[in-house]
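Working from the sequences, and respecting the hints, build out all of it.
According to my numbering, the stretch in the sequence shown is residues -13 to 472, in order.
Wrong hints could be hidden among the right ones.
[To be verified] The list that follows gives simulated cross-link-like pairs (lysine to aspartate or glutamate, EDC-like), each with its CA atoms no further than 20 Å apart:
1) LYS95 / ASP447
2) LYS348 / GLU250
3) LYS460 / ASP411
4) LYS192 / GLU293
5) LYS24 / GLU115
6) LYS286 / ASP447
7) LYS404 / GLU162
8) LYS50 / GLU464
9) LYS(-3) / GLU464
10) LYS309 / ASP376
11) LYS280 / GLU248
12) LYS297 / ASP187
13) LYS348 / ASP361
14) LYS348 / ASP382
15) LYS192 / GLU182
[Said to hold, decoys possible] Pairwise CB distance ranges (calculated):
16) ARG(-8) / GLU371: 52 to 58 Å
17) PRO47 / GLU408: 34 to 40 Å
18) GLU371 / GLU(-10): 49 to 55 Å
19) ALA393 / GLU(-10): 38 to 44 Å
20) VAL36 / GLU115: 16 to 22 Å
21) GLN81 / GLU268: 36 to 42 Å
22) GLU268 / GLU326: 40 to 46 Å
Hints listed in this document are in silico derivations from the structure and should not be mistaken for laboratory results. All C-beta atoms in this analysis are idealised placements derived from N, C-alpha and C, irrespective of residue type, glycine included.
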Amino acid sequence: MNEEIRALEPKNLWNKFADLNAVPRPSKKEERVIEFMKNFGNDLNLETQVDSVGNVIIKKPATKGMENRKVVVLQSHLDMVHQKNNDTNFDFDTQGIEMYVDGDWVRAKGTTLGADNGLGVATIMAILESDSIEHPALEALFTIDEETGMTGAKGLEEGLLEGEILLNLDTEEDDEIGIGCAGGVDVTAKRTYSQEDAPEDAVAFKIVVNGLQGGHSGMDIIKGLGNANKFMNRLLFNASEDLDLRISSINGGGLRNAIPRESEAVVVIDDFQVKAFKSELEDEIDAIKTEFSKLEPNLKVSITETEVPAKVMEAQVQAQVQKAIYAAHNGVYRMSPEIEGLVETSNNIAKVEIKEGKIEIKCLTRSSVETSKDDLANSLKSSFELAGFDVELSGDYPGWAPNRESAILTVLDDLYEKMNGERADVAACHAGLECGIIGNHYPEMDMISFGPTIRGAHSPDERASISSAKKYWKFVLEILKNIPVK
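Given below as structure tokens:
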């Protein structure tokens, strides 16, 4: 199957991507890909080291005639988001990604593709391996754990790099040049509850919300897509208002940086209220489907009778939790007043898990403005604390402030217009790139971000454009030829 990918042009890029995607590399479990990358550098007889947190750095001397150019850091992250469809049997810890060609797109079979940021990694690998590409002295920086904490960038040691310019290859529109990004903070709410015996003469139902698009909780948040956790809470809240519905368990969403596509709940209802329960849910389902008909045409909600569980959540806590989730902001919080079309601040209610006396709700709050990020995080914290939760704010990382006077921006901007006959879209993004963190370690480094077109990142619909990869590859090679002199 992946032989089809290896035949694509440019072959050196797609072959390296196929090699990389054969190595399991979920976030927090990068041991194998670190070893893979270390061996790759050593096999090329290039200076290779792994720092104390697991970042891999490979250095390559300049090609003949390019020795007087500024040293360039090529940077991408090794880890990938591991999301799959419920009906896909796949183990990210042991299996390589199964890819196929679909028209102009490379996709994966029921899982994330890993083009984010695997195509960036593959680009750097192809350049390091080549003996014909012109380039200045290079420092390849492969970071770990970008997707779930940016611990690689945070732990990067000062003094390891000499580069004056950093090219981050993690932007997902080939006509965009990135000059800024959002920072983020994890908001985690936890509490316990007493379990009660399920009511006698109760009937149990499993409710499943699925078929949502999901996607990147930064780049796609502006689309207003459905959030499975909010949908599930809305259904159960409205039914609980009029009926004696009791929750036994909820399992919705997954990773903080992915908009939740699916949620599953087990609830019980008195047998004499079953008809009213179904009617109430169906009315609410119809309302949601009508509201989201254009955005979520594949939304599905199933209600099936199931075995009555032994325990349910205590009623008072159930009411508090439902109100807290309803009150907690999800989606765009504020648009940037300075950059048209840019989301400034947002939140993703990524994970809701209720079972066996424990509740955990995970959010990711993003903003390009630190004070606005703090404001929204405190708003969420207050909503959950009023419902008896203990709330932790963790994993805080800074944004990357735009620098329109950047010298490397001028190089890329002019080259793009020369090669494509039009200006690139120079913009900041609402995703979390590592540039801001790396910039804290190396404040004098001039940074820019760009990449090939990728759609549906952080979801099983992730796909990479083949024609865009050709365009992007040519752009990379021209950039390397035009790095300024020292």
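Checked hints:
no.	hint	result
1	LYS95 / ASP447	holds, 9 Å
2	LYS348 / GLU250	holds, 16 Å
3	LYS460 / ASP411	holds, 18 Å
4	LYS192 / GLU293	holds, 9 Å
5	LYS24 / GLU115	holds, 13 Å
6	LYS286 / ASP447	holds, 17 Å
7	LYS404 / GLU162	holds, 15 Å
8	LYS50 / GLU464	holds, 16 Å
9	LYS(-3) / GLU464	holds, 18 Å
10	LYS309 / ASP376	holds, 16 Å
11	LYS280 / GLU248	holds, 18 Å
12	LYS297 / ASP187	holds, 14 Å
13	LYS348 / ASP361	holds, 17 Å
14	LYS348 / ASP382	holds, 14 Å
15	LYS192 / GLU182	holds, 19 Å
16	ARG(-8) / GLU371: 52 to 58 Å	holds, 53 Å
17	PRO47 / GLU408: 34 to 40 Å	holds, 36 Å
18	GLU371 / GLU(-10): 49 to 55 Å	holds, 53 Å
19	ALA393 / GLU(-10): 38 to 44 Å	holds, 41 Å
20	VAL36 / GLU115: 16 to 22 Å	holds, 19 Å
21	GLN81 / GLU268: 36 to 42 Å	holds, 39 Å
22	GLU268 / GLU326: 40 to 46 Å	holds, 41 Å
Violated hints: none; the structure is consistent with every hint.
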